[in-house]
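*Asks:* Based on the provided sequences and hints, a complete structural model is requested.
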Amino acid sequence: MTDEKTIVTKNLVKQFKTRNGVVTAINGVTLQVHRGETYGLIGPDGAGKTTTTRVILGLLTRTGGESSILGYDSMHDTYQIRERVGYIAQQFALPGDLTVMENMQFFANIHGVSREDQKKRIPELLEFAGLEKFTTRLGGKLSGGMKKKLALACSLVHEPQVVMLDEPTLGVDPVSRREFWNLLGNLRTEKGMTIFVCTPYMDEAERCNWVGLMYKGQLIAHDSPETIKAMVPGRLLEFTPSEFAPARDLVAGMEGVTEMQTYGLMLHVFVDDLDRRQQEIQATLADQGITCAGMREIEPRMEEAFISLIHKQESYERSESTAE
Amino acid sequence: MSLLRIWAVTQKGFIQLFRDRRTLAMMLALPIIQLLLFGYAIDMNVDHVPTIVADQSQDAESRAYIEAVAASGFFDIVGYVSSSEEVAQAIDRGDVIAGIFIPPDFAAHLKRGDAQVSFLVDGSDVITAQSAYAAADVIAQNYAGKLQLEKIKRMGAALQTQPIDARVRILYNPNMTNIWFTIPGMCAMILQTQSLVLTTTALVLEREAGTIEQLLVTPIRPVELMLGKIIPNLIITLVNMLSILGMGILVFGVPFQGSFQLFFWLSVIFSFSGLGLGLLVSSISETQKQAQQIIMAVMLVAIVLGGFMFPRTTMPDALKLIGDLFPLTHFIPIARGIITKGVGLDMLWEQVTALVVYVAVILLISVRSFKQGLE
Amino acid sequence: MQGESAMQSQAKRIYALMWKELIQILRDWRTLLMILGLPILEMFLFAYAVNMTIDHIPTVVADLSMGERSQTFLDAMQTSEFFDLELYTSSEQQVIQAIESGKAVAGIVIPPDFEAQIDRGSAQVLIIFDGSDAYTVQSGYRAASAIAQTQSMVVVAQKLQRAGAAEFSPPVFTSTRILYNPNMDGMIFMLPGVIGILLQMLTMNLTAMSVVREQELGILEQILVTPARPFDLIVGKMVPNILISVLDLAIILVVGIYWFKVPFQGSFLLFALLSLLFIISGLSMGVLISTIAKTQKEAQQITSVVLMLSMLLTGMMYPRSTMPPAVSAVGGLIPVTYYLRIIRGIMTKGIGLTFMWQDVLVLVIYGLIVIVAAAKLFKKRLD
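Residue numbers (our numbering), protein chains in the order written: chain B, 1 to 324; chain G, 1 to 375; chain F, 1 to 383.
Rather than coming from a laboratory, the hints here were simulated on the basis of the structure. Misleading hints may appear alongside valid ones.
[Said to hold, decoys possible] Incomplete in silico selection of chain F near chain B, CB under 8 Å:
{"no.": "1", "residue": "M7"}
{"no.": "2", "residue": "S9"}
{"no.": "3", "residue": "K12"}
{"no.": "4", "residue": "E221"}
{"no.": "5", "residue": "Q222"}
{"no.": "6", "residue": "T226"}
No residue lacks a Cβ here, since even glycine has one placed at the ideal position from N, Cα and C.
*Replies:* Printed below as a string of structure tokens:
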């Protein structure tokens, strides 16, 4: 069952024509989403996440490659896809001058949901989204978190097999974000729905069971969060030096340090041999009169893995361009 | 008040203005297109009206009459038919606008002094109809005068037919060139509409996009914000006005009789009234659509009642009073006075005082409502 | 079976879209009020404010002769109702000054030896007009000449009678009959114009602004991912707006016919059908504009250019017969030109299809092209 592929793309390419020539927004993306999975497409702003989602949905024409949902081709079977997929665009984009109830009814009707089904399903969904008390409020007068929940409820009203969400928690407070992800979790466990999420937030990526890392229009890694985290070379040391800038420069040039990332005044240092390098670092810094507070080994998180993978990609690209 | 903060907002306005090239080009081109249309397309003096003739007499006298009609230049004879029914049908079809019907035995009736000629005019176009009506009258009178003169001469009396001669002198615009008349009105109209539309759209757009909130958290004061927003619009408006005036002078040869300096500074004062009205409109409308509708209504009333397109002298008093509520009404006589008549402040001080008072009042009200709208 | 259910679900989708549009229209009552109020405002303004024949021109007089005949002449001016003799001064300079300061628009100067001049048969009266006020000059010029001529006739007749000649009358009687609008009632002329321009402006604006707005806010994206076809979207958007436009048209007609007593001469059915066609093509034009314009501001600018051209070039107010051929051809590209001729034909002239099938044909062809183009170009994707 889990082998069934819900979303498939192969060498997907999307180019935009602008005044200054052709811009390639997606450059050969190949990905697969299995049924019942929560797939997180992560990457910095401008990586091409939204464009990928729109092309898969058939909202944009693709320039090359293949893409399909549930076996339906994005370009040719657009309407079969639209009957079976729910989508929340990045901006909250439900008519703000309709009430919560009217929005629900509108999307139910446009999807051809029968009266009887609407009577049962709309209250269920409103309760599920926690909006049952706000049915007469105008969509435009809801708070940011409630808007997203309404959008989710609207996108589920035709019982889609797949939901695609484009940065659904953008501009939503942490409590509402957690609630929203709990809703998504329920959808997966209770209904076996396939969920495709674009997000720039790493903590959200960890809640997915498959992650694709997008960078400059390319998918530079895709695997389970655990595997991605394991891709980081060596082990990770965290500490706060008493003098940040000199410590950073010193450590960066040391032997056995594969990579370094800065988090505020904290340094995250990847090393090949933990015990040996820990001692060396402390010694080197102590020579300069720098102390290290709270030096310890930590588990690499998605965030470190993500930055590390991007660094690797950047240095790869640099060597490519100098080789030419 | 901080000039630096105002300049920051102004700069932002200019950057936005120049980024959207398409809109800017439209803004600058629109008044010129309008002027060209008014200059070349619109002519209320209708002549060469396409006319059809049914001449049932077919004698020398009737032909002489038709020739006199054609020679007037008012009517262009485009065809001949044989009955008055056919004349009416041609007008029905819209082929011609006027028709002349001469019954049989015109020459004989002429001798007896009871000749009849009927003109038929398409009344569905009132402006043409009015001109044609008047023209038919004039032609008939002239024709009758000519015949009378002959008669009097035959009687042997040595009399002038026109003992009283009205010599008409038209001041400022002796040839009654339409565009001379149009240019001052257009300058006034452009100043009013553009400043109103630009201010309103800029403010409503900012509010819809939420950028006003963004600006309000900065240390800027509402008055500074307003001034900053107003300055780029003011400049665009003045550029448009000057391009119209320039084209009028260079292309259409409209003479500028009065003091340019005086006109320019009064224009600046006047455009503040449009900016003030814009602030008012933007504080009562929630969306661009609403703002657009309100502007349309305001402009419609201001243009119709302001004396730009339609004469104010014939309006009922109540409508004249409503017209007085719009600053445009007060600026049009100023513009005509300076550009066409070449008069100065000594002649215009009443209108100028009214204008200044108006602008001050509008600005005061609008600043207050703008501040309230922000809170 | 399959086909029927496809039809049913399409009907459902269209219903959903129409219902949404209608709620949105009704909820924005301010805009609705303006849409319905604007035509009434426009009609009352045009009916009561616009009067192109000018009379009661404020006039300043300098009667330097102060004789019996000059008084007769001035009386004639006053009784003509074209001139209101309001100010009396004692020199030509003062007359000009009064015009310069805007106190009077016309001035009459009668020379000191007016009586003697008349006896000699060559009296001259000077009439001065403010040329910066074109309307007044045009009307006043004609009136002044006519009055002078009449006065001349009176003098001549008196002289002839004194000379013992028989009374004579003008040899030609001209009767001018104004067809369709015998009293040259301005409203009969303006009403079709108001209908044409308002429908054009309203329909184009309604769809262009609302589609572009949904595009700007991202609502269109959210609706595009539903199974709604472009056809459904267009129909769903149009039907409520057709209702609004028809309502607007009905308001204008009712006010025009019952308040302003404008007669409706021709076939109402023909008028209704062709108006519906015009409304639908106007709405389609709005859809087409929305495919070009990216922001509401742009849409607004495009519609205002079209509106300006329509007001000036289609014969709504300004006569098309006096336009240079090139300009007139531009007007010929605007459908309002044909619609106006058609509805003037039906409402004012009371003529049928046989007299205006060419105009109707143009309107139908234009309508079909615009509707098909709108349906074809309306996006089902974002790019």
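*Asks:* All hints are to be evaluated individually against the structure, with a verdict given for each.
*Replies:* Taking the hints in turn, this is what the structure says about them:
1. This hint is violated: F:M7 has a C-beta 11 Å from the nearest C-beta of chain B, more than the 8 Å allowed.
2. For F:S9, the shortest C-beta to C-beta distance to chain B is roughly 4 Å, which falls under 8 Å, so the interface hint holds.
3. Annotation: interface hint on F:K12 holds; nearest CB of chain B at approximately 5 Å, less than 8 Å.
4. Annotation: F:E221 was flagged as interfacial toward chain B, and the flag holds, the nearest CB pair being 5 Å apart, inside 8 Å.
5. A cut of 8 Å between beta carbons decides the hint on F:Q222: the least distance to chain B is about 4 Å, and the hint holds.
6. Among the interface hints, the one on F:T226 holds; its C-beta lies about 5 Å from the nearest C-beta in chain B, closer than the 8 Å criterion.
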